[in-house]
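Dock chain B against chain A, hints included.
These protein sequence lines are chains A and B, in that order. Position one of the first sequence corresponds to residue 1 (our numbering), numbered consecutively onward. Position one of the second sequence corresponds to residue 1 (our numbering), numbered consecutively onward.
These are calculated hints, taken from the structure and not from any lab test. Heads up, the beta-carbon is just placed ideally off N, CA and C, and yes, glycines get one too. Among the hints, a few may not be true.
[Stated by the list, open to error] Here are the simulated BS3-like pairs of lysine-lysine, each with C-alpha atoms no more than 25 Å apart in a straight line:
no.: 1; chain 1: A; residue 1: Lys186; chain 2: B; residue 2: Lys53
no.: 2; chain 1: B; residue 1: Lys68; chain 2: B; residue 2: Lys100
no.: 3; chain 1: B; residue 1: Lys237; chain 2: A; residue 2: Lys186
no.: 4; chain 1: B; residue 1: Lys53; chain 2: B; residue 2: Lys120
no.: 5; chain 1: A; residue 1: Lys186; chain 2: B; residue 2: Lys143
no.: 6; chain 1: A; residue 1: Lys186; chain 2: B; residue 2: Lys232
no.: 7; chain 1: B; residue 1: Lys239; chain 2: A; residue 2: Lys186
no.: 8; chain 1: B; residue 1: Lys40; chain 2: B; residue 2: Lys66
no.: 9; chain 1: B; residue 1: Lys120; chain 2: B; residue 2: Lys29
no.: 10; chain 1: B; residue 1: Lys114; chain 2: B; residue 2: Lys29
no.: 11; chain 1: A; residue 1: Lys110; chain 2: B; residue 2: Lys210
no.: 12; chain 1: B; residue 1: Lys47; chain 2: B; residue 2: Lys114
no.: 13; chain 1: B; residue 1: Lys29; chain 2: B; residue 2: Lys75
no.: 14; chain 1: B; residue 1: Lys266; chain 2: B; residue 2: Lys237
no.: 15; chain 1: B; residue 1: Lys75; chain 2: B; residue 2: Lys47
no.: 16; chain 1: B; residue 1: Lys237; chain 2: B; residue 2: Lys307
no.: 17; chain 1: B; residue 1: Lys66; chain 2: B; residue 2: Lys29
no.: 18; chain 1: B; residue 1: Lys47; chain 2: B; residue 2: Lys29
[What the hints assert, rightly or not] Where chain A lies over chain B, by a calculated footprint (3+ residues, C-beta under 8 Å):
no.: 19; stretch: 137-143
no.: 20; stretch: 213-227
no.: 21; stretch: 293-299
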Amino acid sequence: MNTATEQSPILFDDFLGLEGEDFRQTRLIVFAGISGSGKSTALKFLCDHHPAFSGKPQRWIWTMEKTWDAARIRCNRLVVVDEVSHPRQLPAVARLLKQNQTVAVASHLKPAWFWPFRLAGRYRHFLTDHDCAKIARHLTRHGISHTAAAVEEFCRRHGASYVDLDCILERHPGESLDRALHLSLKLDRLTIERSKQWIPVMPVIGDTRKPFERAPTAGRPRWASCGG
Amino acid sequence: MPKNVDILFSFDPEKGEARQPPHAGLRAKLIIPDPELIGKKATFTIKRHVQVKDSRPVHDTEEMFKHKFTVRGEKVTVPIPHHVLEDHPFQYDGEQIEIKCFGELVINDKLIRKDTSVQKDLPVEALKKWEVLTNTNELIEPKDIFSFSKNLMAIPSHNKIATLGLLVVGLVVIVVNMLIGYHDQFSPEHATYFYSHFDSDGDGSSPLVKALSGCGAIGAAIWFAIRRQLRKYMTFKFKPITGSINRQSEHTVSDLFYGVSRTDLKDVTLRIVACNMEKGKYVRGSGSNQRTVSFSTPVRGVLLYSKKVTLIPKNQPVENHFRDSMSFEPMFKVLYPPSEVSESHGLFIYWEVQLIHNDFVDQELAGDTVHFRREDFFTA
Numbered sequence: 001m002n003t004a005t006e007q008s009p010i011l012f013d014d015f016l017g018l019e020g021e022d023f024r025q026t027r028l029i030v031f032a033g034i035s036g037s038g039k040s041t042a043l044k045f046l047c048d049h050h051p052a053f054s055g056k057p058q059r060w061i062w063t064m065e066k067t068w069d070a071a072r073i074r075c076n077r078l079v080v081v082d083e084v085s086h087p088r089q090l091p092a093v094a095r096l097l098k099q100n101q102t103v104a105v106a107s108h109l110k111p112a113w114f115w116p117f118r119l120a121g122r123y124r125h126f127l128t129d130h131d132c133a134k135i136a137r138h139l140t141r142h143g144i145s146h147t148a149a150a151v152e153e154f155c156r157r158h159g160a161s162y163v164d165l166d167c168i169l170e171r172h173p174g175e176s177l178d179r180a181l182h183l184s185l186k187l188d189r190l191t192i193e194r195s196k197q198w199i200p201v202m203p204v205i206g207d208t209r210k211p212f213e214r215a216p217t218a219g220r221p222r223w224a225s226c227g228g
Numbered sequence: 001m002p003k004n005v006d007i008l009f010s011f012d013p014e015k016g017e018a019r020q021p022p023h024a025g026l027r028a029k030l031i032i033p034d035p036e037l038i039g040k041k042a043t044f045t046i047k048r049h050v051q052v053k054d055s056r057p058v059h060d061t062e063e064m065f066k067h068k069f070t071v072r073g074e075k076v077t078v079p080i081p082h083h084v085l086e087d088h089p090f091q092y093d094g095e096q097i098e099i100k101c102f103g104e105l106v107i108n109d110k111l112i113r114k115d116t117s118v119q120k121d122l123p124v125e126a127l128k129k130w131e132v133l134t135n136t137n138e139l140i141e142p143k144d145i146f147s148f149s150k151n152l153m154a155i156p157s158h159n160k161i162a163t164l165g166l167l168v169v170g171l172v173v174i175v176v177n178m179l180i181g182y183h184d185q186f187s188p189e190h191a192t193y194f195y196s197h198f199d200s201d202g203d204g205s206s207p208l209v210k211a212l213s214g215c216g217a218i219g220a221a222i223w224f225a226i227r228r229q230l231r232k233y234m235t236f237k238f239k240p241i242t243g244s245i246n247r248q249s250e251h252t253v254s255d256l257f258y259g260v261s262r263t264d265l266k267d268v269t270l271r272i273v274a275c276n277m278e279k280g281k282y283v284r285g286s287g288s289n290q291r292t293v294s295f296s297t298p299v300r301g302v303l304l305y306s307k308k309v310t311l312i313p314k315n316q317p318v319e320n321h322f323r324d325s326m327s328f329e330p331m332f333k334v335l336y337p338p339s340e341v342s343e344s345h346g347l348f349i350y351w352e353v354q355l356i357h358n359d360f361v362d363q364e365l366a367g368d369t370v371h372f373r374r375e376d377f378f379t380a
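Only chain A is shown next, with the shape it has when bound in the complex:
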């Protein structure tokens, strides 16, 4: 549950303003949004870069859509649960909260499922797929021309998902978002499929002072995505 491969470094866009957040009294942090919108990357940022958690005892749990044994996970400053996709996993989250200081969750559940957890203490809920501005910044950073209308249209169709954006740009390299989106609508179809067996990929946050690095792959340009 805790083994994962690592992906190539990605430049982290702190679109949720996590760096400035004071999580000292926070018990539960939930990142909700479509897959590929940056939930895992935000969790990784908390672990490695946030002053409240960086360098302190932590545990990262890849749930693989199952419940897990929370009994032995205790006394951590932060426990990360990636990801919660079914309400039956919530009792284990409650147990982690009881035995650890803070629990951070990547969630596919409606926010209402977490309301009872407010009783446990301060609770923060972040939506990762509502911010079109992060998509515009991502495009600017890679020198891909785009209009605000194309960004809005992309978000309307796909949500603010880095993975979907990268899929479209990879299919039509060298094109603006406007044209890539147009070509994609005519020629391609993007479907989200739940995979039963998958290898967890641990996001690696690159040095924000260095230019963005792309992972070379055979044949065609690939885009490192910060999806989670």
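Using the frame of chain A, we list chain B on its own:
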């Protein structure tokens, strides 16, 4: 230990079904020299396989013929039924996909580990087509340049009113929204109209920033609604095509489509283009929710017809300006025959009629491919 099983294809015209050239009489001789395999169940299959050229591909295979048997001796001869070769299977190595036709022999001789198996390509003739140098993407999807004001003037009055209405409503909503944002930004929390100084979690947030992002969303929605209105400056539709389209047939371009413009069309170009479409799938993303990208890549684009007309007066049938004769022959020479393994995988044929204009939003019609006979693509 390797068991040296093999497949040998041989052609025997004497034994072919009558009047079914060129592949009638094709047989597969299955060589199974290992006596230990006698009595084992075996399967011989002819498959058409689409291999997607990607680091995370999703391939697809069609089973064209399957023969199950029990190994009784060293050699087994399997006649390949005519229907398998009727389709003229061919090997194709394209930009994003590769299509292979092969025979596969699998002998069920292992309980846990892999069965003994061998694969051999079907002895099909190589299909050579003309080299193509055009930029197929640009040919199939030319960049659409248009003038908003000229386009606006050309659309029907009710669409014009709708467009201007959308512009006015959008502008008013944006201005009001920004005024509210500005007011709320500099007002105490109890005096705000709409935008709070706090988010749902009780943390500070800027009403002005919220108002700005609201304006972006409103602007985008209105722009896409306007573009839909702008296409209505003319009608442009296919006429029903009777009969098949083949190498010899000549067609009058005006018989393919009809349309009427509400405005004079100056320097308008009509093009008929065709291409092969490579279709397949690959996977992207990580975690439990992965993306399957179903792609269609246009390749081997060919321009079948192109004519620029200096003026098409308004309310006149557009097709009357294109009474030329045209042939689809170049398409049969350049394009590979369709080889469709499934709806999402294989090589397809695509053609469309484009009306390109620099002042107005371009029009395009994707053609039906049922009119083409597969056989017509086989001779160069």
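Hint-by-hint comparison with the structure:
no., hint, result
1, Lys186/A x Lys53/B, "holds (21 Å)"
2, Lys68/B x Lys100/B, "holds (22 Å)"
3, Lys237/B x Lys186/A, "holds (18 Å)"
4, Lys53/B x Lys120/B, "holds (21 Å)"
5, Lys186/A x Lys143/B, "holds (13 Å)"
6, Lys186/A x Lys232/B, "holds (20 Å)"
7, Lys239/B x Lys186/A, "holds (22 Å)"
8, Lys40/B x Lys66/B, "holds (17 Å)"
9, Lys120/B x Lys29/B, "holds (11 Å)"
10, Lys114/B x Lys29/B, "holds (23 Å)"
11, Lys110/A x Lys210/B, "holds (23 Å)"
12, Lys47/B x Lys114/B, "holds (19 Å)"
13, Lys29/B x Lys75/B, "holds (7 Å)"
14, Lys266/B x Lys237/B, "holds (20 Å)"
15, Lys75/B x Lys47/B, "holds (21 Å)"
16, Lys237/B x Lys307/B, "holds (18 Å)"
17, Lys66/B x Lys29/B, "holds (15 Å)"
18, Lys47/B x Lys29/B, "holds (16 Å)"
19, 137-143, "holds (count 3)"
20, 213-227, "holds (count 8)"
21, 293-299, "holds (count 6)"
When the structure is compared with the earlier hints, no violation turns up for any of them.
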